[in-house]
Amino acid sequence: MDLSVINPVLFVAGFLVAATPLIFAAIGELIAEKSGVLNLGVEGMMITGAICGFAVAVETGSPLIGFAAAAGGGAALSLLFAFLTQVTLANQVASGLALTLFGLGLSALLGQNYVGIKPPRLGDIDFGPLADIPVLGPVLFTHDIILYLGIALVAATWAVLKFTRAGLVLRAVGESHDAAHALGFKVKRIRTLAIMFGGACAGVGGAYISLIRVPQWTEGMTAGVGWIALALVVFASWKPWRLLLGAYLFGGITQLQLNLQGAGVAIPVEYLAMSPYLITILVLVILSRDKSAAPASLGRIFHASS
Amino acid sequence: MKLSALLTGAALALGLATTASADAHSKTKVGFVFVGPVGDGGWTYEHDQGRLAVEKEFGDAVETVYVENVAEGPDSERVMTQMALDGAKLIFTTSFGYMDPTINVAKKFPDVKFEHATGYKRADNVSTYSARFYEGRAIQGHIAGNMTESNIIGYIGSYPIPEVIRGINSAYIHAKKVNPDVQFKIVWAYTWFDPAKEADAAKVLIEQGADVILQHTDSTAPQAAAQEAGNVITFGQASDMAQYAPKPRVSSIIDNWAPYYIARTKAVMDGTWTSTDTWDGIGPGMVGIGEISDAVPANVKEEALAMKDKIASGEYHPFTGPVKKQDGSDWLADGEVADDGTLAGMNFYVEGIEGTIPQ
Numbered sequence: 001m002d003l004s005v006i007n008p009v010l011f012v013a014g015f016l017v018a019a020t021p022l023i024f025a026a027i028g029e030l031i032a033e034k035s036g037v038l039n040l041g042v043e044g045m046m047i048t049g050a051i052c053g054f055a056v057a058v059e060t061g062s063p064l065i066g067f068a069a070a071a072g073g074g075a076a077l078s079l080l081f082a083f084l085t086q087v088t089l090a091n092q093v094a095s096g097l098a099l100t101l102f103g104l105g106l107s108a109l110l111g112q113n114y115v116g117i118k119p120p121r122l123g124d125i126d127f128g129p130l131a132d133i134p135v136l137g138p139v140l141f142t143h144d145i146i147l148y149l150g151i152a153l154v155a156a157t158w159a160v161l162k163f164t165r166a167g168l169v170l171r172a173v174g175e176s177h178d179a180a181h182a183l184g185f186k187v188k189r190i191r192t193l194a195i196m197f198g199g200a201c202a203g204v205g206g207a208y209i210s211l212i213r214v215p216q217w218t219e220g221m222t223a224g225v226g227w228i229a230l231a232l233v234v235f236a237s238w239k240p241w242r243l244l245l246g247a248y249l250f251g252g253i254t255q256l257q258l259n260l261q262g263a264g265v266a267i268p269v270e271y272l273a274m275s276p277y278l279i280t281i282l283v284l285v286i287l288s289r290d291k292s293a294a295p296a297s298l299g300r301i302f303h304a305s306s
Numbered sequence: 001m002k003l004s005a006l007l008t009g010a011a012l013a014l015g016l017a018t019t020a021s022a023d024a025h026s027k028t029k030v031g032f033v034f035v036g037p038v039g040d041g042g043w044t045y046e047h048d049q050g051r052l053a054v055e056k057e058f059g060d061a062v063e064t065v066y067v068e069n070v071a072e073g074p075d076s077e078r079v080m081t082q083m084a085l086d087g088a089k090l091i092f093t094t095s096f097g098y099m100d101p102t103i104n105v106a107k108k109f110p111d112v113k114f115e116h117a118t119g120y121k122r123a124d125n126v127s128t129y130s131a132r133f134y135e136g137r138a139i140q141g142h143i144a145g146n147m148t149e150s151n152i153i154g155y156i157g158s159y160p161i162p163e164v165i166r167g168i169n170s171a172y173i174h175a176k177k178v179n180p181d182v183q184f185k186i187v188w189a190y191t192w193f194d195p196a197k198e199a200d201a202a203k204v205l206i207e208q209g210a211d212v213i214l215q216h217t218d219s220t221a222p223q224a225a226a227q228e229a230g231n232v233i234t235f236g237q238a239s240d241m242a243q244y245a246p247k248p249r250v251s252s253i254i255d256n257w258a259p260y261y262i263a264r265t266k267a268v269m270d271g272t273w274t275s276t277d278t279w280d281g282i283g284p285g286m287v288g289i290g291e292i293s294d295a296v297p298a299n300v301k302e303e304a305l306a307m308k309d310k311i312a313s314g315e316y317h318p319f320t321g322p323v324k325k326q327d328g329s330d331w332l333a334d335g336e337v338a339d340d341g342t343l344a345g346m347n348f349y350v351e352g353i354e355g356t357i358p359q
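The listed protein sequences derive, respectively, from chains A and B.
Read in order, the letters of the first sequence correspond to residues 1 to 306 in the working numbering.
Read in order, the letters of the second sequence correspond to residues 1 to 359 in the working numbering.
Next up, chain A with everything else stripped away, as it sits in the complex:
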């Protein structure tokens, strides 16, 4: 066992990257759920975003346009879910599962010509002298713009939900759609927008995997991150900062256990492999002892006549 082979700077940089897809997908789902919509299609929207972003980045040579396309692709797919649940009033759980299956199939179809291609690289932001600060520099200031955008998005989500009228309306719709409707808010329109926001975020999260974290296109490459994001929203009690903490915990421990394995630490590998799930759940459960409840209208179908 030789712990000195683990470079803490690279380790932290690594887990920030590993956590970013999760942050995007989960924050998007958090907004959707805050508006009272349970969208189980995160995985499908992520994988669709992954291929849309990848394909467009390869065709245009610009990763940033790729990310924009990923957001567009994820949002477009989520419109299908919005149509099913908001217009035809279909069951949200079934529609969400269908969306995941559809997204997996659609992405496999779209991606057929993109297997084995190397995507254009998104460069790190140049922070100038900041990046030369020992330890902190490489940890904090040597990343791509999307990673910072993810953190900014968490902060913005928190601020909007807490301090703005828009956030208040969104929460009102999620808590009691009948009351919100009686007050004159357009419940369906607000929910559709929230669903699209969730889709766009999931799309960017997926593209972060295909363009930066791996980077390549492979069928089914999100391999369950969407489901982890869904669980994370619940365990974080629908609170943005906890969600960020949970994502970093999960990403961090995942990276740590790989590092420890490589360093030959004498902890049984099975425990290391399950530790990210276990510790993330444990910490978030302890944090959520304050009984923060789910949005009261979560998953319920709204119809103006009822």
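Keep in mind the hints are simulated off the structure, nothing from the lab.
Treat the numbers as computed from the prediction; the structure is a model and nothing was measured.
Quick reminder that beta carbons are idealized off the backbone N, C-alpha and C, glycines included.
Any given hint could turn out to be false.
Claimed, not checked - To give an idea of the chain B side of the interface with chain A (calculated C-beta under 7 Å), a few residues:
| # | residue |
| --- | --- |
| 1 | Ala-201 |
| 2 | Leu-205 |
| 3 | Gly-355 |
What the hints assert, rightly or not - A few chain B positions that, by computed beta-carbon distances, are all more than 10 Å from chain A:
| # | residue |
| --- | --- |
| 4 | Glu-77 |
| 5 | Val-296 |
| 6 | Asp-327 |
As the list claims (entries may be wrong) - What follows is a list of derived Cβ distance ranges for each label pair:
| # | chain 1 | residue 1 | chain 2 | residue 2 | range |
| --- | --- | --- | --- | --- | --- |
| 7 | A | Trp-241 | B | Glu-149 | 40 to 48 Å |
| 8 | B | Thr-342 | A | Pro-120 | 43 to 51 Å |
| 9 | A | Trp-241 | B | Ala-298 | 53 to 61 Å |
| 10 | A | Asp-126 | B | Gln-243 | 30 to 38 Å |
With chain A held as given, fit chain B onto it using these hints.
Relative to chain A, chain B alone:
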């Protein structure tokens, strides 16, 4: 990630159920159960190539069906049962974790023939088949040992099963032979297919000094991670992965299931199928060695090809003594060759490898 696979499996099985029974009697129906997507570019991709070869060989006389992303365990049992109920006469189950489910389902359908890949449990209507991947690993080890400059070789394992451990041992023995200072860093991913995790594992190994990455997982993600890192070499796993040649991918192990799948399908059609245990290597062509790229020094390439020929002809066995076990006890005496029984159930590292096998 299990749930998504489960749901995909469930939906596909439903799809199968509805398309069945159209002309069930005129065609021989052959089913395939896959652990990953057919587009993984590795393990499942090659099995699907075998399936397509069967279709091409027999044309309208066969009908093939497959379900991809089937989780190992109970879910696979359900998928197999559905296939058998839908009239499949022959079912290939292509991952180690389908072993017990295959045996269970085979008991319920004595008239259906089953073929389980990489396992060791057989029955009257269950055959097993596998390829001697460790022969290819020996060649990889030889190239890796010669080419590493940091003397650290990273190895991404999937699950600690005999097949994977054999590969690690074989690669290690041959790397050590040409480079006594070589060290193996082994990371268990506990998945066959998860590109992000595989890429993370590769990155961690590279960060810890490895300049060669060997993988026993199914996707090309570690290749992409190595390419990104630069100056790291890799080997294609299960499939050629030539899109990453000439570097990082300097060679590969290619599984070629097509001849076997065609022969077994033919046997079912002729009524000559019997339960067998097939374990073929480079010689019969079940294991192929992908082109060794120019990134490999010419003399190393020559030696590697010579080793390949010797293995193919049976002149050389990758597990030839003297070899000791990790704990220092004797395993193979000088010149002794490992027997298939020990290899099939291999659950120990050879001397020199650090770490313990998860039990």
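(message) Tell me the hint numbers this structure goes against, listed in increasing order.
(response) The structure conflicts with no hint, since it agrees with every one listed earlier.
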